[in-house]
Amino acid sequence: MLLPYLHKELIEAGCDEAGRGCLAGAVYAAAVILPPGFQNEMLNDSKKLTEKQRYELRTVIEKEATAWAVGVVTPEEIDKINILNASFLAMHRAVSQLKVTPQHLLIDGNRFNPYPGIPHTTIVKGDGKYLSIAAASILAKTYRDDYMNRLHEEYPMYDWKGNKGYPTKKHRAAIAAYGTTPYHRMSFNLLGDGQLSLDF
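Once you know that position 22 of the sequence shown is 22 in UniProt numbering, the rest is easy, because the numbers rise by one and skip nothing.
Honestly, I wouldn't trust all of these hints.
Unchecked claim - The calculated lysine to aspartate or glutamate pairs, modelled on DMTMM-like cross-linking and capped at a C-alpha distance of 20 Å, are:
#1 Lys161 / Glu62
#2 Lys8 / Glu64
#3 Lys63 / Glu76
#4 Lys63 / Asp146
#5 Lys63 / Glu51
#6 Lys52 / Asp146
#7 Lys52 / Glu64
#8 Lys99 / Glu62
#9 Lys125 / Glu9
#10 Lys99 / Glu64
#11 Lys99 / Asp79
#12 Lys169 / Asp159
#13 Lys48 / Asp145
#14 Lys52 / Glu62
#15 Lys161 / Asp145
#16 Lys63 / Glu41
#17 Lys48 / Asp146
#18 Lys8 / Glu153
#19 Lys63 / Glu77
#20 Lys52 / Asp145
#21 Lys63 / Asp79
#22 Lys170 / Glu153
#23 Lys170 / Asp159
#24 Lys129 / Glu41
Derived by calculation from the structure, the hints in this document are not laboratory data.
Please model the complete structure; the sequences and the hints are all you need to start from.
Written out as structure tokens, the structure is:
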């Protein structure tokens, strides 16, 4: 059972990102404030859910959340500031769009660039521990999946509908055959197996 809060007396927003390890596309993040007493048996780490379940839950989260928002950082920005900083920036952008100002942030992972004026707690594998982070994880993933599906229509040879920009063999083979697109992250090792893994 996922935990409803870390600090019961505070308005908490859970934050998570999607697309950090991809070779192509933007990185997305979401911030979600859930109402007191919110429960949903299906809500869990979005990686354990089917695609259909994720989209069903997105509808529930958007309807029932006290506030929610999605932040995006483009491939060009990722190349300028690096993917770690881009992940933090996407979360900052999501938090800044919340219609209710949180008093505390629950961040998935073990590192974060503090958001001005709002304390935070980092939680490793937080999307499997806290409801608000799990909800943020679902919004970030589904909105990014929608985005990659749209890009797939423009560049079907990269199979972004299937791989969502992640470094699959088929994706790397397509880069070798067709070159890069404006959506590829040029600061990443697009062809080799030495892709830097940021473990946080």
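Hint check:
1. Lys161 / Glu62: violated, 24 Å
2. Lys8 / Glu64: Measuring from Cα to Cα gives roughly 19 Å; hence the hint holds.
3. Lys63 / Glu76: Since the Cα atoms of Lys63 and Glu76 sit roughly 33 Å apart, the hinted pair is violated (cutoff 20 Å).
4. Lys63 / Asp146: At roughly 19 Å apart (the allowed maximum being 20 Å), Asp146 and Lys63 satisfy the hint.
5. Lys63 / Glu51: This hinted pair holds, its Cα atoms lying about 19 Å apart.
6. Lys52 / Asp146: holds, 13 Å
7. Lys52 / Glu64: holds, 19 Å
8. Lys99 / Glu62: holds, 13 Å
9. Lys125 / Glu9: violated, 23 Å
10. Lys99 / Glu64: Holds, at roughly 14 Å.
11. Lys99 / Asp79: violated, 30 Å
12. Lys169 / Asp159: holds, 11 Å
13. Lys48 / Asp145: Holds - the C-alpha atoms of Asp145 and Lys48 are around 16 Å apart, at most 20 Å.
14. Lys52 / Glu62: holds, 16 Å
15. Lys161 / Asp145: Measuring from Cα to Cα gives roughly 8 Å; hence the hint holds.
16. Lys63 / Glu41: holds, 16 Å
17. Lys48 / Asp146: holds, 19 Å
18. Lys8 / Glu153: Status violated; Cα separation ~45 Å.
19. Lys63 / Glu77: violated, 31 Å
20. Lys52 / Asp145: Since the Cα atoms of Lys52 and Asp145 sit roughly 12 Å apart, the hinted pair holds (cutoff 20 Å).
21. Lys63 / Asp79: Roughly 35 Å between the alpha carbons, so the hint for Lys63 and Asp79 is violated.
22. Lys170 / Glu153: holds, 17 Å
23. Lys170 / Asp159: holds, 8 Å
24. Lys129 / Glu41: holds, 13 Å
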